[in-house]
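Please model the complete structure; the sequences and the hints are all you need to start from.
Number of protein chains: 2
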Amino acid sequence: MKTIPEACCTLDLSSSEQEMLLGMFKALSNPVRLEILKFLITHPGCITGNIVDHLPVAQSTVSQHLKVLRDSGWIQGTTKGPATCYCLDEEKIAWFKRKIGEIFLL
Amino acid sequence: MKTIPEACCTLDLSSSEQEMLLGMFKALSNPVRLEILKFLITHPGCITGNIVDHLPVAQSTVSQHLKVLRDSGWIQGTTKGPATCYCLDEEKIAWFKRKIGEIFLL
DNA sequence: CTGCTAAATCGGACTTATACGATATAATGG
DNA sequence: CCATTATATCGTATAAGTCCGATTTAGCAG
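Residue numbers (our numbering), protein chains in the order written: chain X, 1 to 106; chain D, 107 to 212.
No wet-lab data here; the hints were simulated from the structure.
Misleading hints may appear alongside valid ones.
To be verified - With a straight-line Cα cutoff of 25 Å, these simulated BS3-like cross-link-like pairs (lysine-lysine) come out: (1) Lys38/X <-> Lys173/D; (2) Lys173/D <-> Lys26/X; (3) Lys99/X <-> Lys67/X; (4) Lys132/D <-> Lys92/X; (5) Lys173/D <-> Lys144/D; (6) Lys186/D <-> Lys99/X; (7) Lys198/D <-> Lys92/X; (8) Lys26/X <-> Lys132/D; (9) Lys198/D <-> Lys38/X; (10) Lys92/X <-> Lys67/X; (11) Lys99/X <-> Lys198/D; (12) Lys97/X <-> Lys132/D; (13) Lys186/D <-> Lys97/X; (14) Lys205/D <-> Lys92/X; (15) Lys67/X <-> Lys132/D; (16) Lys144/D <-> Lys26/X; (17) Lys97/X <-> Lys26/X; (18) Lys26/X <-> Lys203/D; (19) Lys205/D <-> Lys132/D; (20) Lys203/D <-> Lys99/X; (21) Lys132/D <-> Lys38/X; (22) Lys26/X <-> Lys186/D; (23) Lys173/D <-> Lys92/X; (24) Lys80/X <-> Lys132/D; (25) Lys26/X <-> Lys80/X; (26) Lys205/D <-> Lys38/X; (27) Lys205/D <-> Lys97/X; (28) Lys97/X <-> Lys203/D; (29) Lys203/D <-> Lys92/X; (30) Lys38/X <-> Lys203/D; (31) Lys198/D <-> Lys97/X; (32) Lys26/X <-> Lys198/D.
Nothing here was measured: the structure is a model prediction, and the numbers come from that model.
Okay, structure coming up:
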């Protein structure tokens, strides 16, 4: 027999927060993007070309992945002449960690 | 000119840990699965049918998503008669939070 | 303005993920 | 053993993601 259990607690997460979270999870659901993020953790301020040299994929592919990481909030890119310099987006990452902590109060 | 910056730090993450992390990110990269997880946070111990009633998708689809969430480590299912009772996998979630903290030491 | 370097975007083949209905499995009650 | 209830799995159509080479955009030096 199906008995719907009572909610044991509430969970407030606005739809924009949920969308943000979903985007951040989606961005890191790809092994190449996780590798790029790992590389940027140990090599902050790298340019696209450094990342291309470090990975076995084409330049255009890396560029697409960087866009996903930028759009989702994990990294920030700043133009330095003809190159683009990438760093972690510390504010968004701190937000992510905080939200995960709030959602999973174990 | 491309100058490869020095690594500013190390990041030790075994390949099995990385795979685990990737699987957990991948699992929550889908809006239906995020919704299921949210429901299980507020309604621990629900059975599949409760989740099916709560979402606008077919039973077979929910069952597939539950499998992904189980395989990735977010939830645990225990058989209770003909039904399956789902809860968060607190140990794995704690591991996830810890790893995220270790990786992003901001 | 021209040439050079770095990165981004486009177009397309190919792979993977998601959804559904139909069917199979599994426990329980009569 | 048969019917019922609850899930899980299968087959498959459609949608989304990934990759590459080719091209475009953008900054800078001469």
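Here is how each hint holds up against the structure:
Straight-line distance between C-alpha atoms of Lys38/X and Lys173/D comes to about 28 Å, which puts the hinted pair past the 25 Å bound. Restraint check for Lys173/D and Lys26/X: the C-alpha separation of about 18 Å stays at or below 25 Å, so the hint holds. Of the supplied pair hints, the one linking Lys99/X and Lys67/X holds, its CA atoms being roughly 23 Å apart against a limit of 25 Å. Restraint check for Lys132/D and Lys92/X: the C-alpha separation of about 19 Å stays at or below 25 Å, so the hint holds.
The suggested pairing of Lys173/D with Lys144/D holds, with an alpha-carbon distance near 16 Å, which does not exceed 25 Å. Between Lys186/D and Lys99/X the alpha-carbon distance is near 33 Å, which puts this suggested pair outside the 25 Å criterion. The straight-line distance between the Cα atoms of Lys198/D and Lys92/X is roughly 23 Å, inside the 25 Å bound, and the hint therefore holds. Between Lys26/X and Lys132/D the alpha-carbon distance is near 6 Å, which keeps this suggested pair within the 25 Å criterion.
A threshold of 25 Å between alpha carbons decides the hint, and for Lys198/D with Lys38/X the separation of about 21 Å falls inside it, so the pair holds. For the given pair, Lys92/X sits about 16 Å from Lys67/X by alpha-carbon distance, which is consistent with the 25 Å threshold. A distance of roughly 17 Å separates the Cα atoms of Lys99/X and Lys198/D; the hinted pair therefore holds under the 25 Å criterion. The hinted pair formed by Lys97/X and Lys132/D meets the criterion: a straight-line CA distance of about 17 Å does not exceed 25 Å.
Restraint check for Lys186/D and Lys97/X: the C-alpha separation of about 35 Å exceeds 25 Å, so the hint is violated. For a cut-off of 25 Å, the pair hint linking Lys205/D to Lys92/X stands: about 17 Å separates their Cα positions. Simply put, Lys67/X and Lys132/D have alpha-carbon atoms about 18 Å apart, close enough for the 25 Å limit, and the pair holds. The straight-line distance between the Cα atoms of Lys144/D and Lys26/X is roughly 17 Å, inside the 25 Å bound, and the hint therefore holds.
Proposed proximity of Lys97/X and Lys26/X is supported: the alpha carbons are some 16 Å apart, at most 25 Å. For the given pair, Lys26/X sits about 17 Å from Lys203/D by alpha-carbon distance, which is consistent with the 25 Å threshold. Straight-line distance between C-alpha atoms of Lys205/D and Lys132/D comes to about 16 Å, which keeps the hinted pair within the 25 Å bound. The suggested pairing of Lys203/D with Lys99/X holds, with an alpha-carbon distance near 11 Å, which does not exceed 25 Å.
As the CA atoms of Lys132/D and Lys38/X are separated by approximately 17 Å, the hinted pair is consistent with the 25 Å bound. With a C-alpha separation of about 33 Å, the suggested pairing of Lys26/X with Lys186/D is violated against the 25 Å cut-off. In summary, the hint linking Lys173/D to Lys92/X is not supported, as the alpha carbons are separated by about 30 Å, beyond the 25 Å threshold. Simply put, Lys80/X and Lys132/D have alpha-carbon atoms about 33 Å apart, too far for the 25 Å limit, and the pair is violated.
Note on Lys26/X and Lys80/X: the hinted pairing is violated, with a Cα-Cα distance of about 28 Å set against a maximum of 25 Å. Under the criterion of a C-alpha separation no larger than 25 Å, the hint pairing Lys205/D with Lys38/X is consistent with the structure, at around 13 Å. Among the hinted pairs, Lys205/D with Lys97/X is consistent with the structure: their alpha-carbon atoms are about 11 Å apart, no more than 25 Å. Of the supplied pair hints, the one linking Lys97/X and Lys203/D holds, its CA atoms being roughly 8 Å apart against a limit of 25 Å.
A distance of roughly 16 Å separates the Cα atoms of Lys203/D and Lys92/X; the hinted pair therefore holds under the 25 Å criterion. Of the supplied pair hints, the one linking Lys38/X and Lys203/D holds, its CA atoms being roughly 17 Å apart against a limit of 25 Å. Straight-line distance between C-alpha atoms of Lys198/D and Lys97/X comes to about 16 Å, which keeps the hinted pair within the 25 Å bound. Straight-line distance between C-alpha atoms of Lys26/X and Lys198/D comes to about 19 Å, which keeps the hinted pair within the 25 Å bound.
Hint compliance for this structure: hints 1, 6, 13, 22, 23, 24 and 25 are not met, and every other hint is.
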